[in-house]
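Visitor: Take these sequences, add in the hints, and give me the full structure.
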Amino acid sequence: MKAELLAPAGSYAKLKTALHFGADAAYIGGKNFSLRTFADNFTADELRSAVDFAHTLGKKVYVTANVFARNADFSLLKDYFIYLAEIGADAAIISDPGAVYLARTVAPSLPVHLSTQANTTNKYAVKFWAERGVSRVILARELSIPEISEIHEFVPETELEAFVHGAMCISYSGRCLLSDYLDGRSSNRGACVQSCRWRYEVRALNATNGQSEWLPIEEDDRGTYIFNSKDLNMLSQLQALENAGVSSFKIEGRMKSGYYLATVINAYRRAMDGGSVTASEKELCNVAHREYTQAYALGKNAQTVNYADSQSKGEYTYIADIHGSENGYTVAEMRNRFKQGDLLEVLSPDGNFGKTFVAEEILDGNGERTDDAKRVQELYKIKCPFDLKAGDYLRRKNR
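For the sequence shown, my numbering assigns the number 15 to the initial residue and increments by one for each residue that follows.
Read the hints as simulated data drawn from the structure, not as lab findings. Please read these numbers as outputs of a predicted model, since none were measured by experiment. Only true hints are included.
Pairs of lysine-lysine, DSS-like flavour, derived with a Cα cap of 27 angstroms:
hint, residue 1, residue 2
1, K45, K30
2, K403, K388
3, K16, K141
4, K244, K314
5, K353, K403
6, K30, K369
7, K314, K137
8, K411, K353
9, K403, K296
10, K353, K327
11, K296, K314
12, K92, K141
13, K397, K353
14, K353, K388
15, K16, K137
16, K73, K16
17, K45, K92
18, K16, K296
19, K30, K327
20, K327, K411
21, K369, K411
22, K327, K244
23, K296, K244
Guide: Here it is, written out as structure tokens:
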């Protein structure tokens, strides 16, 4: 069975983007019990609609309920699991053992996927969870490909999911107390402020004179980002992961923009469908990212920290969302300013991907010609030789 491409969706619009650009499934969160409370997330009605929409496309939706639950959470969790089963969600993603037990008890028809937050790092743990009704385990990011292969050989009937792309947490599979300690917001309850990305300096008390002084620990004049992890990129290892028994390739990023998701999903989809890995690797450099790493896939790796705070901004600027085409024009919702004469490039899952055209004629929202599209979110019509689809994007190569 061919591996699944699993994408994040922090909102309904991003769900549509993920599926439009080739994801086989998406993982989303409701308004409660998700470890991404700062994402837009989905109301109960939106969850139902999202599941129905994906199913009409022959695709799947998994719903996160992966907080570390407290006693007070369980009465609501019970109703939540029953509701997810009722609407036909393809699985609930859970990390807490009590929540797994509850889901299997009150909603036995609802498949359970064990969250990476459960820190599953060995074959006996996978066997343990499989015997308790868990159909898929989302493996800890710290595992190597040979370790994954050993797990699959030991528990071949259990699906294995692995992260292949996106931001990584400096803490062991996301179990972190920094955010709670420094800002009072618990990452394990979905409110992480990403304090690992902050700049840190050390201040020490001089025992001789009683004064405190800053210690010179800078990597450079910007400071030291001692907890800031590189971004994961496993594009070149997809076949090795599949051979090791991974059945789902997971992209991180429920907080990322639709344009980011479109670019990354498109790159992975094309590589998985036999396209050029080199071309897809280049495409992954077109969006903002930290330095890439394969983390621990090939074994121990001491080079996973990104000591510089800066991200690459990517080689392109996101210009507009495409709403469709009519009478030789593409209808585009402006996101970044563009002008007459600009060379625009198409980001699309179909054959229009990578095609370029010059914005020779632009009509504003009133149908009047303009040489400067500068009003954010205004619908402009641009003379275009291609039949672009709703959900496509326009971008411009940085000068």
